[in-house]
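Visitor: Residue numbers (this note's numbering), protein chains in the order written: chain A, 801 to 1028; chain B, 801 to 1028.
Each hint should be verified, as a subset may be incorrect.
One copy or any two copies: either way a pair holds, since identical chains are not told apart in the list.
Taking lysine to aspartate or glutamate pairs in the DMTMM-like style, the calculated list, with each CA pair at most 25 Å apart, reads [claimed, not checked]:
| hint | residue 1 | residue 2 |
| --- | --- | --- |
| 1 | K921 | D974 |
| 2 | K921 | D936 |
| 3 | K922 | D974 |
| 4 | K984 | D959 |
| 5 | K913 | D936 |
| 6 | K913 | E925 |
| 7 | K921 | D980 |
| 8 | K922 | D959 |
| 9 | K922 | D833 |
| 10 | K893 | E946 |
| 11 | K921 | E994 |
To be clear, the hints were calculated from the coordinates, so they are not data collected in a lab.
Protein chains: 2
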Amino acid sequence: EIATWFLSEITSEQKLKNKRILITAGGTQEAIDPVRLIVNRSSGKMGYALAKAAQQQGAQVTLVSTVPALPVPTGVEVIYVQSAQEMRQAVLKTYPQVDAVIMAAAVADYRVKNPAPTKIKKHSETLTLELVKNPDILKELGAQKEQQVLVGFAAETHDLQHYAQQKLIQKNLDLLVANDVSRKDIGFGSNDNEVILFQPEQAPILVAKADKAAIAQQILAVLASKLS
Amino acid sequence: EIATWFLSEITSEQKLKNKRILITAGGTQEAIDPVRLIVNRSSGKMGYALAKAAQQQGAQVTLVSTVPALPVPTGVEVIYVQSAQEMRQAVLKTYPQVDAVIMAAAVADYRVKNPAPTKIKKHSETLTLELVKNPDILKELGAQKEQQVLVGFAAETHDLQHYAQQKLIQKNLDLLVANDVSRKDIGFGSNDNEVILFQPEQAPILVAKADKAAIAQQILAVLASKLS
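So here's chain A without its partners, still in its complex pose (with noise of 0.2 Å):
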């Protein structure tokens, strides 16, 4: 029941002319001491690849990242953040703003309950950490939707179309990027990627196997189709 589509030509189409878009980029980082953090796997570069591909296509992009390390694409605005708790904020911000977001970023779904302030010793044989919910930024996205196209992003290891359908309804999702990350070829630091795009009511899409900047052309693809 998934249909797979063959790349289209790269193309240098000014389809997103003067559409205001916000990408977020990277995975969070939660502190646990001034030393330690949990991090997830993401690098960034899927959604690097977006921004990069959403300002050729005319487009104003605003990134939010926590990649200080990745080259900012041309033309691009960039806002750095560490925290899930700082990019909500510099994403609510600018939300009013855009036609459209795309959370490409990987967010916490936890962070540590009380960060210590200074490095923690290795005193004792275990320790125990606490950690609490995050904020759920793109459910809060699709409450407050206006004019907004809301695009989201799961990374599963398993259940994947199953997550994702739901996933799409219960954050009020107009597109939602889903990825098996316990494929070792694809995804997470990988050059490579390989999803499938779930919309409200349509069949599934499969985009197979294909380097990000061109995974990135046929998510911009559908989100266009979206905004005109």
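Based on these hints, arrange chain B on the given structure of chain A.
Guide: Relative to the frame of chain A, chain B by itself:
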């Protein structure tokens, strides 16, 4: 009581000719589940600067690294690892054959007791992570030391001198390189560093702020004096 060293000229002298040196770099990564990890802020830059400088001074360098993103210095053999347990294996295997070890990597003191085989879903409001102590690689090396000169690092946010002196003795080190990671202008992720060198029965030496390549030269100068 801390003497300051002025940086000597960068030298191309082969002070480490034919010495076999094992260097570790980066921070170990401890899995929570296939997507989430506990890491520390170490970028690996100090270890890579040491590897490059040691190789240029004639050493045969093996680099045990957690940072595949950094370019490997010419002529340096590299072994990639992720967790502290993997790093321990790689280091212990190479240890008997080397003249010196520089443990520049930040090894996680704790790992997750039972990493989840699939992505943890965010059903509950809170989550408790049970951590257990990792093997203390540096202490093991100190205990097994024969011909090797053993160099450790200490990153502290407070009471730096106290912890550094303690670590030097307890781990049977020949040299301990300590830096204050509460300072934003040096250390983690930065291209600069400022360190204090601790040696048994000697007054600590401050190596004033400089780029990591220059700091590496100073550390290697002390190491070379112990190897000849």
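Visitor: Are the hints correct? Go through all of them and say.
Guide: We went through each hint and held it up to the structure:
1. Taking the shortest alpha-carbon separations for K921 and D974, only the inter-copy value of 22 Å comes in at or below 25 Å, while the best intra-copy value is 47 Å.
2. With identical chains, the CA atoms of K921 and D936 are at most 25 Å apart between copies only, with a shortest distance of 13 Å across copies and 32 Å within one.
3. For a Cα distance limit of 25 Å, the shortest separation of K922 from D974 across copies, 22 Å, qualifies, whereas the shortest one inside one copy, 47 Å, does not.
4. With identical chains, the CA atoms of K984 and D959 are at most 25 Å apart within one copy only, with a shortest distance of 17 Å there and 43 Å across copies.
5. With identical chains, the CA atoms of K913 and D936 are at most 25 Å apart within one copy only, with a shortest distance of 16 Å there and 27 Å across copies.
6. For the homomeric pair K913 and E925, the shortest alpha-carbon distances inside one copy (21 Å) and between copies (11 Å) are both at most 25 Å.
7. Proximity of K921 to D980 under the C-alpha cut-off of 25 Å is restricted to the inter-copy arrangement: shortest distance 15 Å between copies versus 37 Å within a copy.
8. In this assembly of identical chains, K922 and D959 lie within 25 Å of each other by CA distance solely across copies; the values are 15 Å between and 38 Å within a copy.
9. Proximity of K922 and D833 under a CA criterion of 25 Å is satisfied in both settings, with 13 Å inside one chain copy and 23 Å between copies.
10. In this assembly of identical chains, K893 and E946 lie within 25 Å of each other by CA distance solely inside one copy; the values are 15 Å within and 60 Å between copies.
11. In this assembly of identical chains, K921 and E994 lie within 25 Å of each other by CA distance solely across copies; the values are 22 Å between and 42 Å within a copy.
This entry satisfies every hint, going by the numbered hints stated previously.
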